[in-house]
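Number of protein chains: 6
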Amino acid sequence: MAHAPSSLLPLAPETLERLRRVSTPTLTTQLYKLGFRSTFLHGVRPLCPERRMAGEAVTVRFAPAREDRAGYEMLADPAYPQRHAIEHIAPGQVLVMDCRGVASAANAGDILISRLHARGAAGLVLDGGIRDYVSVQAFGFPVYALGPAAPAHVVRHVAVDENVPIGCAEVLVVPGDVMVGDGEGVVCIPRAVADTVAARGLEQEELEAFILEKVRKGAPLPGTYPPGDATLAEFEAWKRRRQS
Amino acid sequence: MAHAPSSLLPLAPETLERLRRVSTPTLTTQLYKLGFRSTFLHGVRPLCPERRMAGEAVTVRFAPAREDRAGYEMLADPAYPQRHAIEHIAPGQVLVMDCRGVASAANAGDILISRLHARGAAGLVLDGGIRDYVSVQAFGFPVYALGPAAPAHVVRHVAVDENVPIGCAEVLVVPGDVMVGDGEGVVCIPRAVADTVAARGLEQEELEAFILEKVRKGAPLPGTYPPGDATLAEFEAWKRRRQS
Amino acid sequence: MAHAPSSLLPLAPETLERLRRVSTPTLTTQLYKLGFRSTFLHGVRPLCPERRMAGEAVTVRFAPAREDRAGYEMLADPAYPQRHAIEHIAPGQVLVMDCRGVASAANAGDILISRLHARGAAGLVLDGGIRDYVSVQAFGFPVYALGPAAPAHVVRHVAVDENVPIGCAEVLVVPGDVMVGDGEGVVCIPRAVADTVAARGLEQEELEAFILEKVRKGAPLPGTYPPGDATLAEFEAWKRRRQS
Amino acid sequence: MAHAPSSLLPLAPETLERLRRVSTPTLTTQLYKLGFRSTFLHGVRPLCPERRMAGEAVTVRFAPAREDRAGYEMLADPAYPQRHAIEHIAPGQVLVMDCRGVASAANAGDILISRLHARGAAGLVLDGGIRDYVSVQAFGFPVYALGPAAPAHVVRHVAVDENVPIGCAEVLVVPGDVMVGDGEGVVCIPRAVADTVAARGLEQEELEAFILEKVRKGAPLPGTYPPGDATLAEFEAWKRRRQS
Amino acid sequence: MAHAPSSLLPLAPETLERLRRVSTPTLTTQLYKLGFRSTFLHGVRPLCPERRMAGEAVTVRFAPAREDRAGYEMLADPAYPQRHAIEHIAPGQVLVMDCRGVASAANAGDILISRLHARGAAGLVLDGGIRDYVSVQAFGFPVYALGPAAPAHVVRHVAVDENVPIGCAEVLVVPGDVMVGDGEGVVCIPRAVADTVAARGLEQEELEAFILEKVRKGAPLPGTYPPGDATLAEFEAWKRRRQS
Amino acid sequence: MAHAPSSLLPLAPETLERLRRVSTPTLTTQLYKLGFRSTFLHGVRPLCPERRMAGEAVTVRFAPAREDRAGYEMLADPAYPQRHAIEHIAPGQVLVMDCRGVASAANAGDILISRLHARGAAGLVLDGGIRDYVSVQAFGFPVYALGPAAPAHVVRHVAVDENVPIGCAEVLVVPGDVMVGDGEGVVCIPRAVADTVAARGLEQEELEAFILEKVRKGAPLPGTYPPGDATLAEFEAWKRRRQS
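Protein chains in written order, with the numbering used here: chain A, 1 to 244; chain B, 1 to 244; chain C, 1 to 244; chain D, 1 to 244; chain E, 1 to 244; chain F, 1 to 244.
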């Protein structure tokens, strides 16, 4: 099982930019149509709902703390996976942490998140808590978490691995997958389908904008949503009018 | 068990208007005094806390999805209960959906909610998720749900019935019951007691406004809350002064 | 087990004032360094996140309701522990209620909270629900709870004791302990260590402000956070400059 | 949506008899290979693990109790769905009850189960509790439930429907589906695939018996489980020897 | 709130003996008919299902452990409530412990249970774990708990009170209430109604034995269960025949 | 972080044999006295309660399944971590699998467990389900799991790693730690303290056997349990008598 970033398939150059313009509901629908049923990180919410995020995943894995393997002294070791991953993240990447769904401990706070920002990271996603919550919200960096928690992670966790496949909020995240976040939460897009999903997602967004406009003007659901042939023909005409 | 709306007892003409002015805590207290202990839908929160909602319930029931009974193609069938109920709702009614308490799938989004609004519905209540959450909040239609979720309902549910008694957030909802929502959440009022609850609720609101004023001015709890005879006499005098 | 306030160790006069300036993440860290692992009340959130709270705990304990021991008539008894505790709270104290983690019933609303305010209490903390949520938020008194709930507590609970050690949100709270709240939630500080925690907490806040400034300017984590000798020396110099 | 038994596809005559000889792990594997992922009723355990059960489902649906719609007096009404379904069950059918996953109330006890037995029913499946647990275990009729519970169902539920699609332990059960139970629990087989699953399941049982024998004699996993071509050839020879 | 045993109403002399012969389902039904809905301790199971237990409750209350208030040294203090309650229990009493529903720590093991037995106690009930589970099962003393757990209670709890009203498995238990256990679990009977419940419970047991016999012989449910006038008349005749 | 077995500290030769004679409650107490609070795998139960197990841990880690990374075809790959770990386990080792606490899927059944037995493994521990439950129980190999489940693990999991530190039932398990199981469940002993815990555990067992004998003969708790100086002196004399 090779996790080295060098072995990853390249993404199309416009994919990340496109994904920043597609909503997570649309992305889950496109993924479902490709056969993926579980791609939305349940319970993980944006600290800044107005921000959009898209980037490739690097991962950290936490295991339960034990008195001989946890404590503040570990944190000074530059090889400690939580600190090492932050210190070596590349610009545009998203750090995803497997915090085992524990909401009552904080796996990052304002200092670590400021360092991620300084490194040029695109975002932080975790199925755990965030401390300094109010100050992190004000800072504006894209963070997606279970909620606020004051206690440091060493009370519950020890970081044990970096850049391995993890579960986060019951979704598989493989290093190199594409994480996309909006005001609803976060979707993990398997890398091999990211280009396809980005392209189809943009089309669906356009079609649904058209349908929403029709429904707000009084169109009935049958034939409109999902769209029948007549609606699809109207949509094509509408697109042509917009483009010209 | 007849669920036809035609067989329903008529409500007093002023009942819905009154219920829009009574808070859900007051309604649960009046229902408790009539012997009803479980009428507040736990965990179901307003997307627009400043809106008030009151209307008669129509219902949709979802069951667990199965690969031979779910998928996007079902949604094009005008008889699919979720779509049929929305398309046939009457002005002033509230659509209540039994989503089995599943927060991780969305049973409606901005297109369906726009159609409910266009049909003149009074609101939407569900023990499930909502997609397009931020845009639905901005739209302003009264919606009460467990929270945001990106994935469409077909991942977890299939709609199987319309206008039958359901459980929603652990509360029985019978078609024709009166759903009332405010910034706290939603109460289901059994139809047979709706007129009584509306009348008594308004009286309690007035009494509690009087008590709150006294307590803010320094009155002690004993004798004031709950009110003793002296406080009740004062209240009657206060009401007379306000009316004259 | 003596619970009489008279038997309590005195706090240093500046302790409460200091604690109002230290964040709950910092407090949990200082408590962890003294050996206390579970001091943050999980899931208990501020209704007014911008308020800070610090005060000594008085407690009320609720047990499950039973038809012969619950109901609105109990509430008129001045000895009913919930009402008695509110009516006899001293200025600056924080009322902490053990509501057994039940989010679906409300153990206080705007009238009782107004009485706490009139008595000069410093705050209210409970692992239960609050009714009249929106109006309580607007009132501005420091309240920390699980969330909104319309039904009165008598549906689920009966108050059975006052000023005994309780569990609240899985944390032991002994009368006389110091409760501190901020935008993140609430920490319970064992009384015997409150002076120490207040003093050390202020120092940590200052050091972390210095570290955050360095990290925002681009300092790497190793050597900075946690601080190595060079960073600590810089910090001492920075402090001296600020003081002079 | 037609639920009338008359509209059901016929099953092959040997299907039920075959299904009684196939284990539930094998059935879930065959169903997975046909695309069905969620067919095992989680948490529903046999009261008599040594019994096997196979039969067509009839269903009852329960909703949350409410003071105006529940109580012992309902039970005397021959149309009450719980009683009506039991009284009208056909020989060989399995009664499946949607008890909303509530383990703390009992939806049947020794009298109702004795009546099911007298009617010739093949079994009872529910995601709720059973009272008179020890006596029901001794009686020997195939019952699958969440566990023992003393309180009657009227404390928590009201029966509202009969022979409609339901959810039971998070699995869709449509009237006419085939329920199969063994010492592990219960699988719901969609009617349209029951004949196929029965046939393929028997074949898999035979192959796995052969593999188990090889592994117990020391065969390594690779090539044996899952079986490679050599193992499959050996199996065919073994089958021929057994048949001759 | 007086908890002194001396202030308790006397029970009729035959009540405990009768209650040992009535099943917990019957007791919950009789209590429901008197208006009590929540009297069965959910999830608390017998270690020896064949034993019956009836006796008056004495109680111990546990709160969350904290590093300054828990540890093995406390256990040597004869005033520690857990140890004090065991050492002072009277013959025929049942010790009920509020363990906050924590299944992962053990609040008693074979030594403490042997001491309860030596003191003549009638049983032990707790919503927590039991260590030395297999040996306690073999010992045969009536114990009802959530299941086995190896860690001692000091890891999670500190005992803080004795003989106060408690919650146990979500049921109120007041000292002096009557605890009855059988193979299904435990019911708490409020003391004031124990005589009534014992008398009516025995009658119901007799009637249901008669009904079960009829149903096993083929009687239909309508008219038989619940019994109509004809069945009740038959029952009276049957009772007379049995008595003569 | 080195996980290679070669780098492990050697255990004293008698340690595993001793640990097989010490109960899990005693082990958790000795570990607590060394500062370890969380070593008992909660909810993981023996399929054969009468068996004892002790051996060094090798581990497998599962992550959530995804449609492109799960399915029966993976299982034929000899490098698939679940299969590879079983095929390469050394005699006397215990396989521990991190199944993310999912009880509704089975991570092993009779064929894989037979292979573990044929390889000479000492046991299998997992926080997941077991299929072929009844047949595995009869086989007698030491297995500790959450319970029976029919569906194969591919429905919920993909195996992603071998011999890394994992969480199992909320306890950290590092390859080389010593797993001990009895009728109560499983304890994970950090390797560095295994010799000490084995020696002290045996002493505690002997002392508690002596105390239990005294308590069954009527000794009061104070002075006996925990033992005071007089009891300890008696115990020393009793040991000398037994040894001579």
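Please keep in mind that the hints were generated in silico from the structure rather than gathered at the bench.
Bear in mind the structure is a predicted one, so any value in this text is a computation, not a measurement.
Positions of the beta carbon are idealized from the N, C-alpha and C atoms, including for glycine.
Any given hint could be a false lead.
What the hints assert, rightly or not - Under the rule of at most 30 Å between Cα atoms (straight-line distance), these lysine-lysine pairs were calculated in the DSSO-like manner: (1) E:K239 <-> E:K33; (2) A:K217 <-> A:K239; (3) C:K33 <-> F:K214; (4) D:K239 <-> D:K217; (5) B:K214 <-> B:K33; (6) B:K239 <-> B:K214; (7) E:K239 <-> B:K33; (8) B:K33 <-> B:K239; (9) A:K33 <-> D:K239.
To be verified - Here's a subset of chain D near chain E, in silico, CB distances under 7 Å, partners left out: (10) L9; (11) L16; (12) G71; (13) H88; (14) A118; (15) F139; (16) D195; (17) R216.
Said to hold, decoys possible - Listed next, the stretches of chain E that the computed footprint assigns to chain F, with coverage defined by at least 3 CB atoms under 8 Å from CB atoms of chain F: (18) 47-59; (19) 145-156; (20) 184-198.
Hints, one by one, checked against the model:
A threshold of 30 Å between alpha carbons decides the hint, and for E:K239 with E:K33 the separation of about 23 Å falls inside it, so the pair holds. With a CA separation close to 18 Å, the supplied pair A:K217 and A:K239 stays within the 30 Å bound. Taking the CA atoms of C:K33 and F:K214, the gap is about 42 Å. The hint is violated against a cut of 30 Å. For the given pair, D:K239 sits about 18 Å from D:K217 by alpha-carbon distance, which is consistent with the 30 Å threshold.
Among the hinted pairs, B:K214 with B:K33 is consistent with the structure: their alpha-carbon atoms are about 24 Å apart, no more than 30 Å. A threshold of 30 Å between alpha carbons decides the hint, and for B:K239 with B:K214 the separation of about 14 Å falls inside it, so the pair holds. This hinted pair does not check out: E:K239 and B:K33 have alpha carbons roughly 42 Å apart, beyond 30 Å. For the hint linking B:K33 to B:K239, the alpha-carbon distance of about 23 Å falls within 30 Å, and the restraint holds.
The suggested pairing of A:K33 with D:K239 is violated, with an alpha-carbon distance near 42 Å, which exceeds 30 Å. Annotation: D:L9 was flagged as interfacial toward chain E, and the flag is violated, the nearest CB pair being 31 Å apart, outside 7 Å. Taking 7 Å as the C-beta contact cut-off toward chain E, the hint placing D:L16 at the interface is violated, the least distance being around 25 Å. About 9 Å separates the beta-carbon of D:G71 from the nearest beta-carbon of chain E, more than 7 Å, and the hint is not met.
Restraint check, D:H88 versus chain E: the minimum CB separation of about 10 Å is more than 7 Å; hint violated. For D:A118, the interface hint holds, since its Cβ comes within 7 Å of a Cβ in chain E; the closest pair sits about 5 Å apart. Taking 7 Å as the C-beta cut-off, the interface hint given for D:F139 is violated, the closest approach to chain E being about 9 Å. Interface hint status for D:D195: violated, as the beta-carbon distance to the closest one in chain E is roughly 34 Å, over 7 Å.
Interface hint at D:R216: violated, since its Cβ lies 29 Å from the closest Cβ of chain E, which is beyond the 7 Å cut-off. Here the segment 47-59 of chain E counts 0 residues with a CB under 8 Å from a CB of chain F, which misses the bar of 3, and the coverage is violated. Here's how the segment 145-156 of chain E fares: 7 of its residues keep a CB closer than 8 Å to some CB of chain F, so the rule of at least three is met and the hint holds. With a cut-off of 8 Å between beta carbons, the segment 184-198 of chain E has 0 residues touching chain F; three or more are needed, and the interface restraint is violated.
Hint compliance for this structure: hints 3, 7, 9, 10, 11, 12, 13, 15, 16, 17, 18, 20 are not met, and every other hint is.
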